[in-house]
Amino acid sequence: MSDVHVVLGQTAISPGEQIAGSVRVDGHWTGERELEARLVWETAGKGTTDTSTMARHTLSVNATSPSARFSMNVPMYPWTYNGTLLSIGWRIDIVDAKTCERVATADFVCAPCARPVTNQIGA
Amino acid sequence: MHAHSNPFRVEALHRLSIRVPGGNADQLWRHFVACRHRGAIVGPHGSGKSTLRRAIELRLQQEGTGVTALTLTTDRRRPPRGWWKTVRAERHDVLSVDGYDLLAPWYRLAILAARRGRGLLVVTHRWPPVPVLARMSTTTDLLAGLVAELVPGGVDRQVLDALFARHHGNIRECLFDLYDSWAAEPVAPYGVGAASCSMRARCSSISSRGINRSATITSAGTMMTSSS
Chain Y
186 MSDVHVVLGQ
196 TAISPGEQIA
206 GSVRVDGHWT
216 GERELEARLV
226 WETAGKGTTD
236 TSTMARHTLS
246 VNATSPSARF
256 SMNVPMYPWT
266 YNGTLLSIGW
276 RIDIVDAKTC
286 ERVATADFVC
296 APCARPVTNQ
306 IGA
Chain F
5 MHAHSNPFRV
15 EALHRLSIRV
25 PGGNADQLWR
35 HFVACRHRGA
45 IVGPHGSGKS
55 TLRRAIELRL
65 QQEGTGVTAL
75 TLTTDRRRPP
85 RGWWKTVRAE
95 RHDVLSVDGY
105 DLLAPWYRLA
115 ILAARRGRGL
125 LVVTHRWPPV
135 PVLARMSTTT
145 DLLAGLVAEL
155 VPGGVDRQVL
165 DALFARHHGN
175 IRECLFDLYD
185 SWAAEPVAPY
195 GVGAASCSMR
205 ARCSSISSRG
215 INRSATITSA
225 GTMMTSSS
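Chains Y and F are the protein sequences, given in the same order.
Start counting the first sequence at 186; every next residue gets the next number (my numbering).
Start counting the second sequence at 5; every next residue gets the next number (my numbering).
A portion of the hints provided could be inaccurate.
From chain Y, some residues computed to sit far from chain F (all C-beta separations above 10 Å) [to be verified]:
#1 Q195
#2 A229
#3 G230
#4 K231
#5 T233
#6 Y262
#7 N267
#8 G268
#9 L271
#10 G274
#11 K283
#12 A289
#13 T303
Here are the simulated lysine to any residue pairs, SDA-like style, with alpha carbons at most 20 Å apart [as the list claims (entries may be wrong)]:
#14 Y:K231 to F:V14
#15 Y:K231 to F:Q66
#16 Y:K283 to F:Q66
#17 Y:K231 to F:T77
#18 Y:K283 to F:H18
#19 Y:K231 to F:D105
#20 Y:K231 to F:P84
#21 Y:K283 to F:A16
Quick caveat, the hints were computed from the structure, so don't treat them as lab data.
C-beta atoms are modelled at their ideal positions from N, C-alpha and C, and glycine is treated no differently.
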């Protein structure tokens with residue numbers, strides 16, 4: 186039984202910057218484990234969900250070295266947006282390479298001034 | 005409220021558990037397999053037909069069966085160009101057609117002829133051409149059950165009854181309406197969920213239709229009403 190944790194170096198970045206972080210697998214386990222860090226944006230709201238994986242980084246961990254680091258370049262668009270009909274969010278997904286199952290995730294903001302864009306004046 | 009915090013966002017609706025009238029998803033699946041992957045889902049607008057179809061398609065894909073999906077709408081009643089070859093192609097195990105009754109009679113007959121003895125899943129309001137897998141229907145109890153899954157504590161039953169009546173039993177429209185009610189909330193700080201921020205909402209759209217009721221959403225996300 187193992188738990189996968191992902192920690193990001195920053196929780197808010199500007200478009201075009203690099204997002205870095207680390208993955209750690211806790212618990213009792215043996216052998217080698219192949220993971221993949223995916224840089225993903227996704228929409229949420231009233232309409233159909235749209236999602237896209239912008240970058241991937243393969244990670245290999247084992248019981249003696251249970252953590253690994255990754256870094257990926259975040260594109261200029263889309264920006265993190267918080268609207269009432271639609272939101273766009275960025276996150277790092279950690280996926281088990283064997284099962285393709287998402288085992289951990291961490292959200293971050295990608296927008297100028299490192300603040301989500303909103304449709305509220307003064308927000 | 006921001007879309008990603010709205011409990012009625014589409015992504016959350018897709019995670020709702022599947023309700024099969026008069027049975028459960030496993031029974032329906034066994035029936036579908038026994039009918040050699042041929043069956044129809046019948047019911048009125050907004051009764052969960054397409055949701056059930058998606059669940060069956062997913063199960064087919066998980067079991068390694070190919071699925072070709074075709075979705076017709078009132079704006080698009082004709083299959084896309086080149087689609088006919090796909091319907092007849094041997095490699096596709098199940099053809100899934102949503103909006104079968106929207107197709108012209110010629111297309112319906114042609115599909116039946118091309119798929120004779122082969123997998124065919126049909127979502128339709130009427131004229132099921134293959135054995136009926138599920139006949140969907142809606143009730144306020146069903147709406148209340150779905151809402152309770154999305155909002156801890158649920159929403160006042162009178163509000164749901166009013167919504168259900170207003171949308172003539174179309175649960176999809178009821179859920180969209182609830183999305184709009186939640187979206188009208190004050191902006192919550194980024195990352196703060198719906199249940200943890202203080203909110204007040206007035207269901208003006210409901211009261212404007214003569215129900216004359218104000219609704220308040222508490223910090224627990226429960227909608228309470230007071231009639232006047």
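Each hint, compared with the structure:
1. Q195: holds, 15 Å
2. A229: Not fine: 4 Å to the nearest Cβ puts A229 (chain Y) too close to chain F.
3. G230: Violated, since 4 Å does not exceed 10 Å.
4. K231: violated, 5 Å
5. T233: violated, 6 Å
6. Y262: holds, 18 Å
7. N267: Violated, since 4 Å does not exceed 10 Å.
8. G268: violated, 6 Å
9. L271: Given a closest Cβ separation of 5 Å, the condition is violated.
10. G274: Check fails; 6 Å does not lie beyond 10 Å.
11. K283: At roughly 16 Å from the nearest Cβ of chain F, K283 (chain Y) sits farther out than 10 Å, so the non-interface label holds.
12. A289: holds, 18 Å
13. T303: At about 7 Å from chain F, T303 (chain Y) fails to clear the 10 Å cut-off, so the statement is violated.
14. Y:K231 to F:V14: holds, 6 Å
15. Y:K231 to F:Q66: violated, 27 Å
16. Y:K283 to F:Q66: holds, 16 Å
17. Y:K231 to F:T77: holds, 18 Å
18. Y:K283 to F:H18: violated, 25 Å
19. Y:K231 to F:D105: Violated - the C-alpha atoms of D105 (chain F) and K231 (chain Y) are around 26 Å apart, more than 20 Å.
20. Y:K231 to F:P84: Violated: K231 (chain Y) and P84 (chain F) sit about 26 Å apart, past 20 Å.
21. Y:K283 to F:A16: violated, 27 Å
This entry does not satisfy hints 2, 3, 4, 5, 7, 8, 9, 10, 13, 15, 18, 19, 20, 21, going by the numbered hints stated previously.
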